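Novice: One line per chain: the protein sequences are B and L, in this order.
Position 72 of the first sequence, counted from 1, bears residue number 72 in the numbering used here, the numbering being contiguous throughout.
Position 21 of the second sequence, counted from 1, bears residue number 21 in the numbering used here, the numbering being contiguous throughout.
Because the hints were derived from the structure by calculation, they are not lab data.
The model shown is predicted, which means the values in this text are computed figures rather than measured ones.
Treat each hint with caution, since some may be false.
If you want the footprint, here are the derived chain B segments under chain L, 3+ residues with CB under 8 Å [as the list claims (entries may be wrong)]:
#, stretch
1, 26–37
2, 46–56
3, 59–69
4, 89–98
Heads up, the beta-carbon is just placed ideally off N, CA and C, and yes, glycines get one too.
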Amino acid sequence: MAINRDFLGREYRAPEPYEVTRGKIREFAEAIQDPTPIYSDTATARAAGYTDVIAPPTFPIILGMAGAGQAIVDPELRLDFSMVVHREQRFRYSRPMEAGDLVECVTRISDIKALGGNELMTLDSEMLTVDGEHIVTAVNTLVVRGGAEDDGTAGR
Amino acid sequence: MTATIKYADVEVGEELPEQTYPVRRLDLIRYAGASGDFNEIHWNERVAKSVGLPNVIAHGMFTMAETGRYITDWVGDPGAIVEFGVRFSAPVVVPDDDKGAEVTVSGVIKKKLDDNQVVVAITARSKGVKVLGGSTAVVRLA
Numbered sequence: 001m002a003i004n005r006d007f008l009g010r011e012y013r014a015p016e017p018y019e020v021t022r023g024k025i026r027e028f029a030e031a032i033q034d035p036t037p038i039y040s041d042t043a044t045a046r047a048a049g050y051t052d053v054i055a056p057p058t059f060p061i062i063l064g065m066a067g068a069g070q071a072i073v074d075p076e077l078r079l080d081f082s083m084v085v086h087r088e089q090r091f092r093y094s095r096p097m098e099a100g101d102l103v104e105c106v107t108r109i110s111d112i113k114a115l116g117g118n119e120l121m122t123l124d125s126e127m128l129t130v131d132g133e134h135i136v137t138a139v140n141t142l143v144v145r146g147g148a149e150d151d152g153t154a155g156r
Numbered sequence: 001m002t003a004t005i006k007y008a009d010v011e012v013g014e015e016l017p018e019q020t021y022p023v024r025r026l027d028l029i030r031y032a033g034a035s036g037d038f039n040e041i042h043w044n045e046r047v048a049k050s051v052g053l054p055n056v057i058a059h060g061m062f063t064m065a066e067t068g069r070y071i072t073d074w075v076g077d078p079g080a081i082v083e084f085g086v087r088f089s090a091p092v093v094v095p096d097d098d099k100g101a102e103v104t105v106s107g108v109i110k111k112k113l114d115d116n117q118v119v120v121a122i123t124a125r126s127k128g129v130k131v132l133g134g135s136t137a138v139v140r141l142a
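The whole structure should be built from the sequences, with the hints applied where relevant.
Specialist: Now the structure itself:
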């Protein structure tokens, strides 16, 4: 089943702002085995000019995945999650996330297209503080393997 | 904080020192918990094989995180990354033993931009197979 093209451009806002905490940053940095002190030691982060500890560059995927999750659970989208593979991930940063940030995340379906026998869907997640300061945009491209097989109009 | 690498000191074509990172089953369990990505193909061999994979595979985002660490360790400031993008070209297969898999990351300065920024082209391999392709980071140097 092809992905429902009517969903192109739809937006999903996270139900509440995400609070970036020291504990979550530390847990994430430990999980990626990165001992850089700026992720765990407030004094080091402040000496470097930040307000508090900062998060590693891929930390915003936590919010991005939640945003993608909001979109892909909709049955009308006709996306077979068991066949989904992560194809590309991009981040454009204004600054690192910091402990204490309250982050709004809005995820938009920015592209849906066929590629070979597969379907590609791209989701852009804009992450801004509750005060409207841009932190990062995460762009997530998913492939649905074999997704276009039943769609006679699928091109290349 | 500012980067420890100076823009004036790098040349297009310059290679960054290669680094190798371990990926064990326990690392994937821990990453699942920290990231919230509990997709079973990253920890359950039965499920992974049932969907046609050779074994449990690493989260693509775990590989991207190690690659991010590669860049931030080189530049000396995690806040120096302006853009970071990867394409997952093959999975990192992680066997159920104490050694697991390894990901070897390399980079080369592809372009010098304005405003002290450079484009680093990144490659990651596991068992000789390219697991990240078309991957770049734009970083602001000192």
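Novice: What hint numbers does the structure not satisfy?
Specialist: none
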